[in-house]
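Visitor: Whenever a hint applies, use it, and build me the whole structure from the sequences.
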Amino acid sequence: MIPKKEKVLERAKELFYDQAYRSGMQNVNSPEDSELLEGGFYAQAKSELMMSLSRKHEEYGNYNDTMENLAKFEPKETIPFNVKEALDNGFFICGTSQCGKSTLAKHLVKKLIEHGVAVKVLDVSKVWMRDSPISQITEVSTDQSVYSWFDGSEVLDLSMLDARARVLFVNQYCKQIYVKHVKGFREPEFLIFEDAQTYLPNGSMRLSVRRSPIYDGVLDVVTVGANFGLRFGLITQFPALVDKSPVKITMQRYFGLTWEKNDIAYIKFFIGKEASEQLRSLNKGEFVYQYKDRIEKIQTEIYKSHNTTSEDKAFTYKLEVCVA
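Each residue of the sequence shown is one higher than the one before, starting from 926 at the first, in the working numbering.
Careful: at least some of the hints might be erroneous.
[Unchecked claim] Below, computed lysine-lysine pairings styled on DSSO-like, alpha-carbon distance capped at 30 Å:
hint, residue 1, residue 2
1, Lys-1173, Lys-930
2, Lys-1035, Lys-1173
3, Lys-971, Lys-932
4, Lys-1173, Lys-1198
5, Lys-1169, Lys-1036
6, Lys-932, Lys-1186
7, Lys-929, Lys-1035
8, Lys-930, Lys-971
9, Lys-1186, Lys-1169
10, Lys-1193, Lys-929
11, Lys-1217, Lys-930
12, Lys-1051, Lys-1036
13, Lys-1173, Lys-1105
14, Lys-1036, Lys-1009
15, Lys-1036, Lys-1100
16, Lys-1169, Lys-1193
17, Lys-1051, Lys-1035
18, Lys-1105, Lys-1169
19, Lys-1186, Lys-1217
20, Lys-1209, Lys-1198
[To be verified] Cβ pair distances, simulated, as ranges:
hint, residue 1, residue 2, range
21, Trp-1184, Val-1104, 40 to 48 Å
22, Asp-1076, Lys-930, 30 to 38 Å
23, Pro-1126, Gly-965, 28 to 36 Å
24, Asp-1056, Lys-1186, 28 to 36 Å
25, Glu-1185, Glu-963, 24 to 32 Å
26, Glu-1221, Glu-1185, 39 to 47 Å
27, Ser-959, Ser-1066, 54 to 62 Å
Just so you know, these hints were derived from the structure itself, not from any lab.
Glycine is no exception: its CB is placed at the ideal position from the N, C-alpha and C atoms.
Guide: What follows is the structure, encoded as structure tokens:
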């Protein structure tokens, strides 16, 4: 099965930009077709698309690469999650309010912690205050001038900060934790961005915004953090407001219930028209899971946690907080 040339070129450009972003390159111009050919991006894109078409044809018979039968699938109760993949490329969760995003995220975070990964949750909603696998809660307020964090898992409660102060704090926090890893801290750490659209809005990966310091700490974590044992999870109820580039970096994506036209159009980019249209009919706790060419409906269970006394040790780095 041969993919259309325009689809191959589109995917080749995506691969080109992904490599550029992962390498921390700025000043990235649109590549010429010859550059895509010589760099091997065209061949890689063609191979990926041919494999995808072949797999879909084999798995779904004569559905012509559609996911019309997705609604007929019985959701799987076991939640798929590849920890190693998450440590390489992070994960993405989206869906409308009360669809079960945080319940799912807590399950994934629990798996990371069980594998020895310290998880930092940047939370404005206070949803991580209960039924959470993380017992250490730190409230961040506007009157703090110096902030110390723990060497283990921690929830940072940002609910007392207004929108501008929150963005400034998170960016400075990401700068400091990134520098910590660059200077030699090698224990794996994972940052969870609740309300990801606040810190990685559309356009934040473009050069014009990359020059602005307001997002540079977050972008360092996203683009090159993997080189230093630092990865991220994105959670949002407004996927259409999140820049596509960091979402494309993630390879494990969980799409929950939504009716919003712009959000469905955004998700269509990742899982196709037929699968994205099924998002309107999902029940609470159901998600369409995507991992590379794998797409399936899953069902989360009610999350239950027994918090334990934190044994986290105070870390010596200080974060200068400027929230004025």
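Visitor: Could you run down the list of hints and mark each one as holding or not?
Guide: How the hints compare with the structure:
1. Lys-1173 - Lys-930: The given pair, whose Cα atoms are some 21 Å apart, holds under the 30 Å limit.
2. Lys-1035 - Lys-1173: holds, 24 Å
3. Lys-971 - Lys-932: holds, 9 Å
4. Lys-1173 - Lys-1198: Holds, because 17 Å separates the two Cα atoms, which is no more than 30 Å.
5. Lys-1169 - Lys-1036: holds, 26 Å
6. Lys-932 - Lys-1186: Cα-Cα ~24 Å, so holds.
7. Lys-929 - Lys-1035: Roughly 42 Å separates the two Cα atoms, so the pair is violated.
8. Lys-930 - Lys-971: Satisfied, since the Cα-Cα distance of roughly 9 Å is no more than 30 Å.
9. Lys-1186 - Lys-1169: Cα-Cα ~17 Å, so holds.
10. Lys-1193 - Lys-929: OK: Lys-1193 and Lys-929 at ~18 Å, within 30 Å.
11. Lys-1217 - Lys-930: Measuring from Cα to Cα gives roughly 21 Å; hence the hint holds.
12. Lys-1051 - Lys-1036: holds, 21 Å
13. Lys-1173 - Lys-1105: Given that 30 Å is the threshold and the Cα spacing comes to 26 Å, the pair holds.
14. Lys-1036 - Lys-1009: Holds. Lys-1036 to Lys-1009 sits at ~11 Å (cutoff 30 Å).
15. Lys-1036 - Lys-1100: holds, 26 Å
16. Lys-1169 - Lys-1193: Roughly 12 Å between the alpha carbons, so the hint for Lys-1169 and Lys-1193 holds.
17. Lys-1051 - Lys-1035: Holds, because 18 Å separates the two Cα atoms, which is no more than 30 Å.
18. Lys-1105 - Lys-1169: With Cα atoms ~27 Å apart, Lys-1105 and Lys-1169 stay inside 30 Å; holds.
19. Lys-1186 - Lys-1217: holds, 24 Å
20. Lys-1209 - Lys-1198: holds, 21 Å
21. Trp-1184 - Val-1104: 40 to 48 Å: Distance hint for Trp-1184, Val-1104 holds at roughly 42 Å.
22. Asp-1076 - Lys-930: 30 to 38 Å: Given a distance of about 52 Å, which is not inside 30 to 38 Å, the answer is violated.
23. Pro-1126 - Gly-965: 28 to 36 Å: At 32 Å between Cβs, range holds.
24. Asp-1056 - Lys-1186: 28 to 36 Å: holds, 32 Å
25. Glu-1185 - Glu-963: 24 to 32 Å: This hint is violated: roughly 41 Å between Cβ atoms.
26. Glu-1221 - Glu-1185: 39 to 47 Å: violated, 23 Å
27. Ser-959 - Ser-1066: 54 to 62 Å: Since Ser-959 and Ser-1066 have Cβ atoms about 55 Å apart, the given range 54 to 62 Å holds.
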